[in-house]
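Please build the complex by placing chain B on the supplied structure of chain A, with the hints as guidance.
Chain by chain, the residues:
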Amino acid sequence: AQKITQTQPGMFVQEKEAVTLDCTYDTSDPSYGLFWYKQPSSGEMIFLIYQGSYDQQNATEGRYSLNFQKARKSANLVISASQLGDSAMYFCAMRLNTGNQFYFGTGTSLTVIP
Amino acid sequence: DAGVIQSPRHEVTEMGQEVTLRCKPISGHNSLFWYRQTMMRGLELLIYFNNNVPIDDSGMPEDRFSAKMPNASFSTLKIQPSEPRDSAVYFCASSHGTSGTQSTQYFGPGTRLTVL
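Chains as they are written, first to last, in my numbering: chain A, 1 to 114; chain B, 1 to 116.
It is possible that part of the hints are untrue.
[Unchecked claim] Partner residues aside, some chain B positions facing chain A, computed with beta carbon under 8 Å:
hint, residue
1, LEU45
2, ASN50
3, ASN52
4, ILE55
5, ASP56
6, PHE65
7, PHE74
8, PHE91
9, HIS96
10, THR98
11, GLY100
12, SER103
13, THR104
14, GLN105
15, PHE107
16, PRO109
[To be verified] Below, in silico cross-link-like pairs of lysine to aspartate or glutamate (EDC-like), each with a Cα-Cα straight-line distance of 20 Å or less:
hint, chain 1, residue 1, chain 2, residue 2
17, B, LYS78, B, ASP57
18, A, LYS3, A, ASP29
19, A, LYS16, A, ASP86
20, B, LYS78, B, GLU11
21, B, LYS24, A, GLU44
22, A, LYS3, B, GLU44
23, B, LYS68, B, GLU18
24, B, LYS68, B, GLU44
25, A, LYS3, B, ASP56
I should point out that these hints are in silico values taken from the structure, not numbers from a laboratory.
Virtual Cβ for every residue (Gly too), placed ideally from N, Cα, C.
One chain only, chain B, in its complex shape:
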């Protein structure tokens, strides 16, 4: 079975540019999560969706960040405009359900973002 797919794997951009990160969850999973990982702050939850609906976006740093999930098989995380402090690894994860072992989150390979 295909795991969580993220693209691009690496992104280098200049400050002020728009960045779009993409995620395809595991087929049949109905929860999707976006995380950011840095050395300083560790792993932070940015936002998560249940059945394509955003449930908790309290971790989104500021208005420059937005996330969408137009259907069950695709989600985007957009940063506009990007800043050097946004440099991090961004992970997407999905889970089949919301209780017990079905709540196990499976992570994509991550997107390493560098903002110059």
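So here's chain A without its partners, still in its complex pose:
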């Protein structure tokens, strides 16, 4: 069963605007971690942000924030003030406390338009 769903294969955003990338997850485990990674065209996987299932507040890292809605099982990534360098694939991932492996979504391709 798919544990991470990213329903937006591609997204476009105007430079300097904010954009939200969707991620929903499926688990009955009460303890888990959620992660977002960026993969630019150069290919490397870059860690962006982490949210723990017990964290009371939404995680933020610079221009990145995670809109965590536990009841809806969603962990959307919000990028504020988009820059051309934000154009990349973005992957959502989940780690369950029952193991150490990550479950990755299929990714969303973001294009920032000048």
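Relative to chain A, chain B alone:
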């Protein structure tokens, strides 16, 4: 601090040849992961190690694939014999721990493998 190091960055080989991919995790990290990424299948976990011990190798495609971690600073992924369908980008990642933010995986630059 040095990140995860992988070598080679690119490998082109012919079908039937043995291929060895190498990974040096971040110093102090005790978990290591091997992934394969293709357009068709996305990012797949092949195997992961905790404290040099293989924990889950259920993602290893078949007996042609093997992975070792002889010490905390080195791991190899071997394909023997290689086939064209093995062509992919292979990533190595490491994490410091197994819970909370310490479970964050940091990826190497990847090895792009092409099997002709």
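Quiz item: Are the Cα atoms of LYS68/B and GLU44/B separated by 20 Å or less?
Solution: holds (18 Å)
Exercise. Have a go at the PRO109/B hint: is there a Cβ in chain A nearer than 8 Å to its own Cβ?
Key: holds (5 Å)
Practice problem: Could you check if THR98/B really has its C-beta closer than 8 Å to a C-beta on chain A? | Solution: Hint holds; THR98/B Cβ to chain A Cβ min 5 Å, cut 8 Å.
Quiz item: At a threshold of 8 Å, is the proposed contact between ASN50/B and chain A supported by beta-carbon distances?
Solution: holds (7 Å)
Self-check item: Interface hint for ILE55/B, Cβ within 8 Å of any Cβ on chain A
Solution: holds (7 Å)
Quiz item: Per the CB criterion, is HIS96/B less than 8 Å away from chain A?
Solution: violated (11 Å)
Quiz item: Under the criterion that the straight-line Cα-Cα distance not exceed 20 Å, is the pair LYS3/A, ASP29/A satisfied?
Solution: holds (12 Å)
Practice problem: Could you check if ASN52/B really has its C-beta closer than 8 Å to a C-beta on chain A? | Solution: ASN52/B check fails; min Cβ-Cβ to chain A is 14 Å, beyond 8 Å.
Quiz item: Was the hint right that PHE65/B lines chain A, CB cutoff 8 Å?
Solution: Given a least distance of 17 Å, the restraint on PHE65/B is violated.
Quiz item: Should the interface hint for PHE74/B be scored as holding, given a Cβ-Cβ cut-off of 8 Å against chain A?
Solution: violated (19 Å)
Exercise. Under 8 Å, Cβ to Cβ, is where ASP56/B needs to be relative to chain A, so tell me if that hint holds or is violated.
Key: Hint on ASP56/B: holds, closest Cβ of chain A at ~6 Å, below 8 Å.
Quiz prompt | Interface hint compliance - SER103/B to chain A, C-beta minimum distance less than 8 Å | solution = holds (5 Å)
In this structure, the hints that do not hold are numbers 3, 6, 7, 9, in rising order.
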